[in-house]
Amino acid sequence: MASGQLNSIFDLFIFLFSSTFWLLVVFVFIIAAVFGYWYRGRSSRTQILIKEANLKTKQIAELEKINRELEDKNRELYAKEVELLMANRRLQSLESAKSKFISVTTHQLRTPLAAIKWTFDMGIKGQLGKIDEEALEFMKKGYQSTERVISIVNDLLRVDTIDSEKAEFYFQPTNIVTLIESVIGEFSNQTKSRQVEIVFKKPEKEVPFPEIDEGKIRMVLENLIDNAVKYNINGGKVLVELSDSRLNSAESSLQISVIDSGIGIPSGEEGKLFQKFFRASNAIKQEPDGSGLGLYITREIIEKHRGAIWFEKSQGSGTSFTFTLPLHHKKV
Amino acid sequence: MAKKILIVEDDEFLRSLNAKRLETEGFEVIVAVDGQEAIAKLAEIKPDLIFLDLLLPNVDGFEVLTKIKQDESTKAIPVIVFSNLGQPEDIEKAKKLGANDFMVKANFTLDDVIQKIKQVLG
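So the sequences go chain by chain: A and B. For the first sequence, the numbering used here begins at 4 and goes up steadily by one. For the second sequence, the numbering used here begins at 84 and goes up steadily by one.
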């Protein structure tokens, strides 16, 4: 038997106690542990991956659903946009048709109105031959009625100009005192026939020239004073007051009030006063003809000047309208 | 000598009223019913003042005004636009073309017209 061969129990026994054997055992254990660990790690990672994959699939499905919904919403929005665009176009063409309608009708109305007005005027002044007292009175009434229709037609035109933003404003430093005096002067005939007195109260100091559109502010003053005279009582009073008390405020402005001793504004109707075509019930009773556009136009003009207008009950039954005019015009 | 005034107006009644009023005031009145007639008459007669309507058949008032102001022989004649248009853009346009004044017919009486003529003729 060759030495070194493990063919006897004794040799095996010896081997069991040798370091080589133990090293082998340790080695096998280490390998088994490493493999076991790797395998466990691998399987848990796989599970995590599977879970993740499932989750992702679900999320993708959800996202797809949301996507579809979004697409639907998008289509709806687009449809709405088209709808709005069409509506806007319709509105614009309607607006321009309305504008054209008003300008044509008012023009067509003005021509025969001018003819009627001139005829009455020539008749009244005796330029068409002599007429007797009674006929003269009738012709005067005819003339006044024609004038009223003309003024309504003019109001309609003005409203249309202001609504369509066609009205142009030219702001220039203006002598407001002279302007007010000149407007009051225009009412001399009306105040005589109605026995209404107009008083103008202005500050003692000289008033600065505000930057305003003179023609438009003239319109505002005419409107307010006309209302104050028209809706007054016989023997009533109108006070036009110019005040510079706001000159030292944050935005220096002038304040103008038109205060009357007239019929007032019925309670409950205050909120509608500046509405287009609105006329107070007692105003209609006193003066059946009128467009209900004066105060609407007035407020539009004041707001274009960046001023404000409001009204209050004045002493007794009257009304006081007040508006402010900033001294300087700033472009918006 | 009486001053000559040309009235360009297509509405028959307005034209006759205006003419009658001007004649009683001692003016010599020439009338044209549309733009074409106005231009034709201006080739022969040189009035002292022209009353011009804007909405006219065939050749409108703006065109007539342009022709008047381009022609050396009529350039100096004062033109008062007498129309029932009267939106700010119409007034602006007429003034730019050289109109001396703009009157909205319905807003004036014929006495105002006489006054305006006297003021323009000096």
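Treat each hint with caution, since some may be false.
Some residues of chain A that are not near chain B, with every Cβ distance over 12 Å (derived) [what the hints assert, rightly or not]:
hint, residue
1, Arg-92
2, Ala-100
3, Ile-127
4, Lys-128
5, Gln-130
6, Ile-134
7, Tyr-146
8, Thr-149
9, Glu-150
10, Asp-163
11, Phe-314
Covered by chain A, according to a simulated footprint, are these stretches of chain B (three or more residues, beta-carbon under 8 Å) [what the hints assert, rightly or not]:
hint, segment
12, 124–132
13, 143–154
Hints in this document: simulated from the structure, not taken from any laboratory. Because the structure is a prediction, the values reported are computed rather than measured. By construction, the Cβ of each residue, glycine as well, lies at the ideal position given by its N, Cα and C atoms.
Run the structure past the numbered hints and jot down the numbers of the failing ones, going up. 3, 4, 5, 7, 8, 9, 10, 12, 13
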